[in-house]
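*Asks:* Chain by chain, the residues:
Protein chains: 2
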Amino acid sequence: MRSRIPELIAVYRDGLLEDTLPFWIQHCVDREHGGFQFCLDRDGTVVDTDKGVWTHGRFIWLLSTLYNTVEPRAEWLELARHGVEFLRRHCFDTDGRMFFTVTREGAPLRKRRYVFTEAFAAIGLAAYARASGEEQAADEARSLFRLMLRYSTTPGLIPPKVDQGTRPSKGIGFPMITLGTARVLRAELQDPLADEWIDKAIDEIRRDFVKPDLEAVMETVGPGGELLDHFDGRTLNPGHALEAAWFILAEAWHRGGDKELTDLGTSMVDWMWRRGWDEQHGGIFYFRDLRDLPVQEYWHDMKFWWVHNEAILATLLAYRATGDVKYSEWHRMVHDWAHQHFADPEHGEWFGYLHRDGRLSVPLKGNLWKGPFHLPRMQLLCWQALEGMRELE
Amino acid sequence: MRSRIPELIAVYRDGLLEDTLPFWIQHCVDREHGGFQFCLDRDGTVVDTDKGVWTHGRFIWLLSTLYNTVEPRAEWLELARHGVEFLRRHCFDTDGRMFFTVTREGAPLRKRRYVFTEAFAAIGLAAYARASGEEQAADEARSLFRLMLRYSTTPGLIPPKVDQGTRPSKGIGFPMITLGTARVLRAELQDPLADEWIDKAIDEIRRDFVKPDLEAVMETVGPGGELLDHFDGRTLNPGHALEAAWFILAEAWHRGGDKELTDLGTSMVDWMWRRGWDEQHGGIFYFRDLRDLPVQEYWHDMKFWWVHNEAILATLLAYRATGDVKYSEWHRMVHDWAHQHFADPEHGEWFGYLHRDGRLSVPLKGNLWKGPFHLPRMQLLCWQALEGMRELE
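Top to bottom, those sequences are chains E and W.
FYI, in the working numbering the residues of the first sequence are 1 to 393.
FYI, in the working numbering the residues of the second sequence are 1 to 393.
Rather than coming from a laboratory, the hints here were simulated on the basis of the structure.
Among the hints, a few may not be true.
Unchecked claim - Think about it this way: if two alpha-carbon atoms lie no more than 30 Å apart in a straight line, the pair counts; the simulated DSS-like pairs of lysine-lysine are:
1) LYS259(W) - LYS161(E)
2) LYS200(E) - LYS259(E)
3) LYS111(W) - LYS170(E)
4) LYS111(E) - LYS161(W)
5) LYS111(E) - LYS259(W)
6) LYS111(E) - LYS111(W)
Just need the whole structure built from these sequences, with the hints factored in.
*Replies:* Now the structure itself:
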């Protein structure tokens with residue numbers, strides 16, 4: 001990889017600053033009603049005026065983080081503020097919880113059980129607090145982080161999907177979102193609660209979701225990490241697992257190269273790359289089954305953009321930590337396949353959803369789930385990691 | 001079509017009695033814990049022991065209806081009773097509502113907002129009441145029908161998905177399930193409530209979901225039939241629409257060839273065939289957009305078994321009602337494509353989920369959504385319709 005570093009830096013940096021960011025800034029800013037419209041057709045046309053609140057928090061985080069770590073461009077700060085204003089005016093319910101979607105004008109549409117909206121708003125406001133110097137934003141970020149923790153850890157506050165109590169279970173999503181949110185709260189605000197929860201989240205992932213004897217990272221287990229031999233319990237999500245792996249590898253790097261965390265993260269990459277990479281068509285499957293039985297979800301063999309973003313990051317950080325050429329090779333494979341199949345040179349940014357063989361399934365550039373987050377986060381963090389690796393030479 | 005009638009009868013009848021039914025009877029009957037296990041791999045192996053309650057109601061209906069209208073085979077009645085016993089013992093909550101899934105042993109797993117479980121139990125118990133002569137089953141069927149009506153029509157009893165009240169909407173599923181359930185309650189029990197609700201359901205479909213100016217049958221509209229120009233409101237479900245169409249055509253035939261209902265049903269077939277048939281690969285898309293914008297759901301261009309079952313029925317009943325060769329041709333197209341792509345001659349029954357081009361996506365023969373219902377219902381009703389058409393010659 002070393003010889004490719006300058007070229008890769010250019011791909012990520014220019015992809016971020018010349019393609020991804022301009023696409024969203026050109027098409028999604030709502031100057032009339034505030035906030036952003038993320039439901040965009042291939043060419044950036046707005047196809048649904050509804051506003052997803054997850055993506056508002058995420059875009060605020062991205063813009064503020066660019067301002068904080070790339071360059072203090074006034075445009076980025078202004079857009080972040082534009083998002084924060086809409087968030088504050090329209091996206092909070094009277095109980096302090098947040099809505100999941102609102103109309104263009106900001107009227108509430110849907111509110112959901114999980115606290116993911118609050119987590120993304122927390123990271124957005126934390127990064128924005130540093131960028132703007134606003135103490136209110138810092139307070140809001142800390143409050144939302146605490147709300148998220150309280151809801152995640154108080155039994156009964158979030159009714160489970162399988163709700164009759166017979167087979168309690170938990171998903172890796174919760175420790176992952178805790179880990180990701182806490183890392184941002186620590187980086188932006190030095191929140192004293194962050195370190196404790198980073199450790200707790202990693203402990204939970206390691207103890208309950210990581211199964212060395214099965215060489216698998218589970219998506220859903222019993223409350224004590226039990227394997228649930230049913231569709232839900234056997235279904236693995238390589239994208240999620242690779243994302244958790246790079247969170248852990250990033251934390252390992254932050255701690256100066258913590259060996260145990262590095263081994264944990266690279267093991268997760270090893271197992272889930274092998275389970276997820278499609279030998280026949282390339283790319284990474286959306287779901288796999290622990291025992292290679294059929295998966296119930298229809299889109300199990302589709303190729304989603306965010307899964308590939310996480311895989312690119314995970315293989316790069318695994319290479320950075322170990323120098324093992326296996327990760328360099330895997331990174332090249334997924335980087336090349338993803339850019340060849342997802343990128344849209346004609347209209348910009350990436351498609352989100354491909355069939356197994358790489359053909360386009362859905363031409364949307366944005367919807368409730370795809371917005372300016374996974375792709376630019378990958379581009380930014382890969383760029384920065386590679387710059388650091390270049391310096392090490 | 002007339003020259004093909006004997007051949008088609010054989011395909012449907014033998015498919016039902018020599019393939020579909022034996023597949024399920026051989027693999028899904030749980031003699032140890034009662035009821036049925038419908039989560040089957042391609043070859044019939046049980047891959048998840050959890051029990052879906054929708055499918056219990058549906059299978060009880062199928063077995064009882066075969067007993068009532070094909071032949072009074074003791075095996076069918078015994079299996080229906082086997083299902084009814086499990087349903088009664090394990091599938092009702094203390095409030096009279098039913099669970100959505102239970103464990104193998106019958107412990108409750110999940111209960112949902114909608115009253116579809118109750119509707120399928122109602123039709124199962126109604127048909128079983130006639131087959132067995134059991135008055136208790138008839139009472140239960142009538143009670144569940146009334147429970148379903150009460151929940152569907154009392155505001156607030158079923159919290160909507162888009163739950164903040166800003167954009168109320170309704171789905172065609174409710175009048176459809178009412179229509180389908182009422183027709184069975186009338187046929188099996190001569191329930192005096194049935195005729196009134198058959199009319200109301202058809203009125204609601206005609207008034208609020210059928211849009212002649214757009215040549216579309218809507219899946220989701222506002223409470224007064226308003227078009228909602230968002231992803232959810234624009235997304236059309238050809239399979240659902242074709243199913244609603246044949247319900248209406250069957251009702252038209254029941255009324256001695258009601259012209260207005262026939263025209264309504266055939267219009268629905270015309271529009272939704274045109275929107276749904278895949279000119280390039282054959283088969284019927286799962287979702288389309290009213291304005292041909294991108295659909296948000298990932299599986300929009302996949303080919304599902306049940307959609308094709310409903311299309312086969314709809315085109316056949318449209319041909320029966322009109323003699324129009326267009327429907328004969330469409331029926332041939334979808335009948336041939338579906339049998340070529342979904343049928344599994346090696347292990348029996350049909351696959352459920354194909355990619356757009358007809359290649360297999362999921363090898364499961366059964367899961368929470370696919371069981372002994374859509375395919376055998378199609379086979380049975382097509383067989384019976386064609387027998388009737390043969391007599392008319």
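*Asks:* If any of the earlier hints don't hold here, list their numbers in rising order.
*Replies:* Violated: hints 1, 5.
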